[in-house]
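Following the hints, complete the assembly by docking chain Y onto the known chain X.
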Amino acid sequence: MFWNPKIECMPVEDLKKLQYEELKALVTKLYESNQFYHERMEAHGVKPEDITCLEDISKLPFMYKQDLRDCYPTKMFTVPNSQVVRYHVSSGTTGKPTLVGYTENDLGYWTEALARSLTSAGVGPDDVLQVCYGYGLFTGGLGLHYGGEKVGATVLPASTGNSERQIELMIDLDVTAIACTPSYFIHLMGVAKKMGVDFRRDTKLRVAFLGAEPWSEAMKKKIEDETGIETFDIYGTSEQAGPMFTDCPCHNGIHIAADIMYVEVIDPETEEILPPGERGELVVTMLKKEAFPLVRYRIKDMTHIITEPCACGRTSPRIARITGRSDDMLIIRGINVFPSQIEYTLLQIPEVGDQYMIHVTRDGALDNMTVQVEIKADAFSDNMDEMLRLRSHIESTLKKYLNIAVKVELKAPGELPRFEGKAKRVIDNRVI
Amino acid sequence: MSHIIKQLSIFVNNEPGRLAHISSVLKDCNISMRACNLAESTEFGILRTVVDNPDQAFDALKQRGIIVKKTDVIGVYLEDTPGALFKTADALGKAGINIEYGYAYYYRDKAVFFIRVDDPEKAVEVIIKQGISLVSDSEI
Numbered sequence: 064m065f066w067n068p069k070i071e072c073m074p075v076e077d078l079k080k081l082q083y084e085e086l087k088a089l090v091t092k093l094y095e096s097n098q099f100y101h102e103r104m105e106a107h108g109v110k111p112e113d114i115t116c117l118e119d120i121s122k123l124p125f126m127y128k129q130d131l132r133d134c135y136p137t138k139m140f141t142v143p144n145s146q147v148v149r150y151h152v153s154s155g156t157t158g159k160p161t162l163v164g165y166t167e168n169d170l171g172y173w174t175e176a177l178a179r180s181l182t183s184a185g186v187g188p189d190d191v192l193q194v195c196y197g198y199g200l201f202t203g204g205l206g207l208h209y210g211g212e213k214v215g216a217t218v219l220p221a222s223t224g225n226s227e228r229q230i231e232l233m234i235d236l237d238v239t240a241i242a243c244t245p246s247y248f249i250h251l252m253g254v255a256k257k258m259g260v261d262f263r264r265d266t267k268l269r270v271a272f273l274g275a276e277p278w279s280e281a282m283k284k285k286i287e288d289e290t291g292i293e294t295f296d297i298y299g300t301s302e303q304a305g306p307m308f309t310d311c312p313c314h315n316g317i318h319i320a321a322d323i324m325y326v327e328v329i330d331p332e333t334e335e336i337l338p339p340g341e342r343g344e345l346v347v348t349m350l351k352k353e354a355f356p357l358v359r360y361r362i363k364d365m366t367h368i369i370t371e372p373c374a375c376g377r378t379s380p381r382i383a384r385i386t387g388r389s390d391d392m393l394i395i396r397g398i399n400v401f402p403s404q405i406e407y408t409l410l411q412i413p414e415v416g417d418q419y420m421i422h423v424t425r426d427g428a429l430d431n432m433t434v435q436v437e438i439k440a441d442a443f444s445d446n447m448d449e450m451l452r453l454r455s456h457i458e459s460t461l462k463k464y465l466n467i468a469v470k471v472e473l474k475a476p477g478e479l480p481r482f483e484g485k486a487k488r489v490i491d492n493r494v495i
Numbered sequence: 007m008s009h010i011i012k013q014l015s016i017f018v019n020n021e022p023g024r025l026a027h028i029s030s031v032l033k034d035c036n037i038s039m040r041a042c043n044l045a046e047s048t049e050f051g052i053l054r055t056v057v058d059n060p061d062q063a064f065d066a067l068k069q070r071g072i073i074v075k076k077t078d079v080i081g082v083y084l085e086d087t088p089g090a091l092f093k094t095a096d097a098l099g100k101a102g103i104n105i106e107y108g109y110a111y112y113y114r115d116k117a118v119f120f121i122r123v124d125d126p127e128k129a130v131e132v133i134i135k136q137g138i139s140l141v142s143d144s145e146i
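Residue numbers (the working numbering), protein chains in the order written: chain X, 64 to 495; chain Y, 7 to 146.
Bound conformation, chain X alone (with noise of 0.2 Å):
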């Protein structure tokens, strides 16, 4: 089932030209009216002339996460704030978090995308859609709830936890399609069970959308082989609008919607620009997107193109399930965790030194993160009481930053391994 044909089934060299005259279109408006891009533009030596086809992308300079901290909050905007219907938040690599701004037309292609999306998986106005995706600064809710209102399915906007009620709604009213983070959903299959409810024989449920963090072949197996329901991958992050695309029901690869969205994989190390199979680093221009500029932009997801058509008829490139990161970001719970906003939160507080250590492991289906930090003598007390509540007082700055619960460990100092060279402070013992 397709949800807009024409686009989605156009020939490969039509969505090409199509492409090419979208990205034509954007740098030259970019380069007349956004300073940011204008001056990165200079700074690199080209000019929009300088695009004189699709391939002459490769001449744009790449942008980084650093430039949406460094424009934090709306420098980088290209329209005034009349114009900017909404904002989400994410974590930022430090202190600072991530803005991203949304005009009536940004959240249109997002909705567009989506609806695709579900349209594929067989999702339309019989479905129940219960979005168990955190509603707020977060892009996955709002995301999913507006593209599932625009197939004409019914939301429920569940949000995340209070895992039984979850599932007693979902009998209730008959959900027929679930979205939320993959180690959630094992969550909730943890809590059904306990509750005696099977999957099969007592509810309606038929797809899933999984996404928002890394999962493997061997989780959607167990997932679908327990519960005998369809998963799709999802993907898309908050710099991109949120999760927009998936797979389709051939399952061979996630649909980069190819009007909205372009697709390159560089090599992370020499920035060469990879063929498609080969395996490297994802790096997406959004064509359409009018609040500020994503062009050539390093999302750090690591990943290949497939080109070869899909058996469902759609022409768009697609994406190999997401094997990694390019660079130290951990997710946590669906959320995004860089080692140097633990770094830069311990710096806040005079009690600790500079050494720390972050252990993940996966406790069932849920994520769970220790940081081990080392006490300054001074800061060293007798009493019981007053040590535990530093140690309260560290895990909820540490939350206050990067909005997950924490578990933080006391050590002497000296305790915590020093590292020559490259520091590896992450211990990931998931099995995902």
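None of these hints come from the bench; they were simulated from the model.
Since the structure is predicted, the reported quantities are computational estimates derived from the model, not experimental observations.
Take these hints with a grain of salt, some might be off.
[Said to hold, decoys possible] From the structure, some residues in chain X lie toward chain Y, with a derived Cβ separation under 10 Å:
| no. | residue |
| --- | --- |
| 1 | 435 |
| 2 | 439 |
| 3 | 444 |
| 4 | 448 |
| 5 | 472 |
| 6 | 474 |
| 7 | 476 |
Beta carbons: idealized from backbone N, C-alpha and C, even for Gly.
Showing chain Y alone in chain X's frame:
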């Protein structure tokens, strides 16, 4: 002579071998522990100990990078009769002095209760007024 005893409080990681490491430093410095107590949370503990030479032990531990602090405690001799602890605790309670923690110890055929209170000087006064004997630092 003082009735206020310098106790050493030592931060100990709750890992195999940590206590052994700290006690080996004390051994190397020829320091004898008179009494000790270990309070623990999940990942760390606080070792509280009364030693024969607290200043020397403090320097030795500090030099090895061990987190150590001197804390004032008092040592109450407890008679071997029912109600002995009550007499001390009751007197302190009535004087409005709070006992943070304490640990008992048997020393030279006598029971000693080392206690950490919020106001050690006042506690000494209150206890002596009750006719209860206190351990003096020269006895340690």
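Each hint tested on the structure:
| no. | hint | in the structure |
| --- | --- | --- |
| 1 | 435 | holds (8 Å) |
| 2 | 439 | holds (9 Å) |
| 3 | 444 | holds (8 Å) |
| 4 | 448 | holds (9 Å) |
| 5 | 472 | holds (4 Å) |
| 6 | 474 | holds (6 Å) |
| 7 | 476 | holds (6 Å) |
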